[in-house]
Amino acid sequence: MSLLEVSGLRVTFSTPDGDLQAVRGVSFEVEAGQTLGVVGESGSGKSVSVQALLGLIPGARVEGSALFDGEQLIGMPAEKLRRIRGARIGMIFQDPLSSLHPMYSVGRQIAEAILVHRKVSKDQAWSVARERLEQVGIPAVRARDYPHQFSGGMRQRVMIAMAMALDPELIIADEPTTALDATVRAQILELLGRLGCALIIITHDLGVIADMADQVMVMYAGKPVEKAERRALFRDPRHPYTRGLLNSLPKGKERLQPIEGRPPSLLSPPTGCSFHPRCPVRIPRCPIEEPPMLGPDDHPDACWLEVGR
Amino acid sequence: MSLLDVSDVRKYFPIKSGIFFQREVGRVHAVDGVSLSVEAGETLGVVGESGCGKSTLARCMTGLHEVTSGNITFDGDVRRDVQMVFQDPYGSLNPRRRIGSIIADPLVIHREGTPSSRRDRVRDLMALVGLNPEHYNRFPAEFSGGQRQRVGIARALALNPRLVVCDEPVSALDVSIQAQVVNLLKDLQAELGLTYVFIAHDLSVVRYVSDRVAVMYLGKIVEIAPGEELYERPRHPYTAALLSAASVADPDRPRDRVILRGDVPSPISPPSGCRFHPRCPKAQERCTVEEPRLMGDGHKWACHFPLEPGERLQSREVGE
Ligand SMILES: Nc1ncnc2c1ncn2[C@@H]1O[C@H](COP(=O)(O)OP(=O)(O)OP(=O)(O)O)[C@@H](O)[C@H]1O
Ligand SMILES: Nc1ncnc2c1ncn2[C@@H]1O[C@H](COP(=O)(O)OP(=O)(O)O)[C@@H](O)[C@H]1O
Ligand code: SF4
Ligand code: SF4
Ligand SMILES: [Mg+2]
Ligand SMILES: [Mg+2]
Chain B
42 MSLLEVSGLR
52 VTFSTPDGDL
62 QAVRGVSFEV
72 EAGQTLGVVG
82 ESGSGKSVSV
92 QALLGLIPGA
102 RVEGSALFDG
112 EQLIGMPAEK
122 LRRIRGARIG
132 MIFQDPLSSL
142 HPMYSVGRQI
152 AEAILVHRKV
162 SKDQAWSVAR
172 ERLEQVGIPA
182 VRARDYPHQF
192 SGGMRQRVMI
202 AMAMALDPEL
212 IIADEPTTAL
222 DATVRAQILE
232 LLGRLGCALI
242 IITHDLGVIA
252 DMADQVMVMY
262 AGKPVEKAER
272 RALFRDPRHP
282 YTRGLLNSLP
292 KGKERLQPIE
302 GRPPSLLSPP
312 TGCSFHPRCP
322 VRIPRCPIEE
332 PPMLGPDDHP
342 DACWLEVGR
Chain X
3 MSLLDVSDVR
13 KYFPIKSGIF
23 FQREVGRVHA
33 VDGVSLSVEA
43 GETLGVVGES
53 GCGKSTLARC
63 MTGLHEVTSG
73 NITFDGDVRR
83 DVQMVFQDPY
93 GSLNPRRRIG
103 SIIADPLVIH
113 REGTPSSRRD
123 RVRDLMALVG
133 LNPEHYNRFP
143 AEFSGGQRQR
153 VGIARALALN
163 PRLVVCDEPV
173 SALDVSIQAQ
183 VVNLLKDLQA
193 ELGLTYVFIA
203 HDLSVVRYVS
213 DRVAVMYLGK
223 IVEIAPGEEL
233 YERPRHPYTA
243 ALLSAASVAD
253 PDRPRDRVIL
263 RGDVPSPISP
273 PSGCRFHPRC
283 PKAQERCTVE
293 EPRLMGDGHK
303 WACHFPLEPG
313 ERLQSREVGE
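Line by line, the protein sequences give chains B and X.
For what it's worth, the working numbering labels the leading residue of the first sequence as 42, then goes sequentially.
For what it's worth, the working numbering labels the leading residue of the second sequence as 3, then goes sequentially.
These aren't lab readings, by the way, just hints derived from the structure by calculation.
Hints are not guaranteed to be accurate.
[Said to hold, decoys possible] Covered stretches of chain X, going by a simulated chain B footprint (3 or more residues, C-beta under 8 Å):
(1) 174-180
(2) 202-212
(3) 243-252
[As the list claims (entries may be wrong)] If you want the footprint, here are the derived chain B segments under chain X, 3+ residues with CB under 8 Å:
(4) 192-198
(5) 212-224
(6) 244-253
(7) 299-306
Ideal Cβ positions, reconstructed from N, Cα and C, are used throughout, including at glycine.
Required output: the full structure, derived from the provided sequences and hints.
As structure tokens, this is what we get:
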């Protein structure tokens, strides 16, 4: 059994323009201690997928199954889910400033997170908070400082310290380095790589995937289109969208090969394969029939063509 | 003579405090003594981390900022022949105005042509940048990020400029769209003989588009060289650290990258001597007191103890 097993996850928002299916059937597993990288362009449903299974999107209709250590998260009572969220699953978001309380010192925020979930004294909670801050490279003497007194990179490290506070089995990091500078980004990735627990890292940056992920899931228009082990994905990309993404990246002085067109609106996704309007190798079947995930278990993709299969 | 000459340019922003009597309490040294030249027909890339002064330098070059000191000379009419493309394809277009009239702005400001000749020109520009000229009357909200960036490019080209300063033109775009816009800029350069200053924090995009690359740190240029030379043989420790921190989609890249300690310091009171010394793995006593000057020809760097060509910056010296 995997630590987290998600299957058939669907998330629908009601909007004035009709139903918007942000996530349209996502399945994946995360093994204990392993890192799953989720990559895709903006709007492909990466954030909504993980937020939905943690019960963080109140307005949305969430269907499917998400077993965390055997327990069903979808439909779990809010209070019970909240306990799992803080203690066993940690979260790190793109923008640390909006997830930290501006009026409390960072040490207090970490200590209170501990006190909510564990029966320990205030002093014990503070000493764990200081220890965690040291672990992410922030001197314990700064525990009484407020978020605005830290730089962006330090705030992200505070978020990591907080996510780590209760030794969770899983940490979900949604674009943890997108707002950071290159040299600071390298510090944060190094830190995340040393965590030891299972990690889901959501990003649009294929460089982060290449550095961090054990397994990778590529998403397009609310669905996974390819899953593979990290090296297999870069060495042997199979889905035309994955190939398009990799070809779009600059490689020295070679002319770039963009994917033509742009991602579809999820209010009215294309029929058949949702990539077909942009796909350079589509066949007559593509706009009519939707391809399921096909191919070997360790490297499936959702495409009618038997590229590499 | 170069197309553009920037000589010891400084741009400081006053920091004011006090509610009734605004008193200057300090200055942001956004650009602090930059000299460089841009040759006709080339692309000069500028890289550096957030807040190092790239946009401020760009705005000085295009005349949008008055410089605090120093000189900028341009071989032509700065107001017509130098144009700018901005980063934010969402914020830089007025949502209540039609695309056609946004693109026509520079023509109207410079009293160029008649309303009907302007309309023709705008349609030509829209076709040139890959927009459908029939969308002349649409509003920005109806366009995607990539298309809005094309609108910004069309507007910048309206007056047939010689130099286009592109400030992070593709940073806000998804990779597949980013590649479309980068190819467009390349094609336009070949077709119209444009000169570019191309600012970005993505090192691989800059490598692809640029002939020469300048690296900025805290308001200063620390290294400038022909692109391949800079990427293959960086001499300044900061350049080497930046290159090693860059995001590369290669799962087999060695993972022994240089991790610098700390963050970029505040430009309000930059460190003494070499501004990079608090984070530099090679820093020595001299670095804390004596500011290194940008020296060399062709390949210039500002460092007392530069890396030898091919030498790797050692990360193990970091954090000690
Ligand atoms: N109008 C202004 N008033 C005060 N300070 C300013 C102003 N414009 C820029 N600055 C400051 O000047 C410094 C350089 O800013 P600039 O926008 O040039 O950086 P940049 O290199 O373009 O960064 P980024 O990569 O984030 O776009 C920063 O510290 C910034 O906060
Ligand atoms: N609260 C919401 N209401 C309506 N639509 C939403 C909401 N949150 C996200 N969406 C839509 O869901 C889709 C997927 O969003 P998201 O998961 O945030 O994408 P990603 O993280 O991959 O960039 C997008 O089309 C987005 O606009
Ligand atoms: S199913 Fe058809 S349209 Fe979709 S990716 Fe494969 S070839 Fe392209
Ligand atoms: S001058 Fe000294 S501190 Fe500055 S980059 Fe060179 S070695 Fe490092
Ligand atoms: Mg997201
Ligand atoms: Mg800028």
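(request) Find the hints from earlier in the document that the structure breaks and name them by number, from lowest to highest. (result) none
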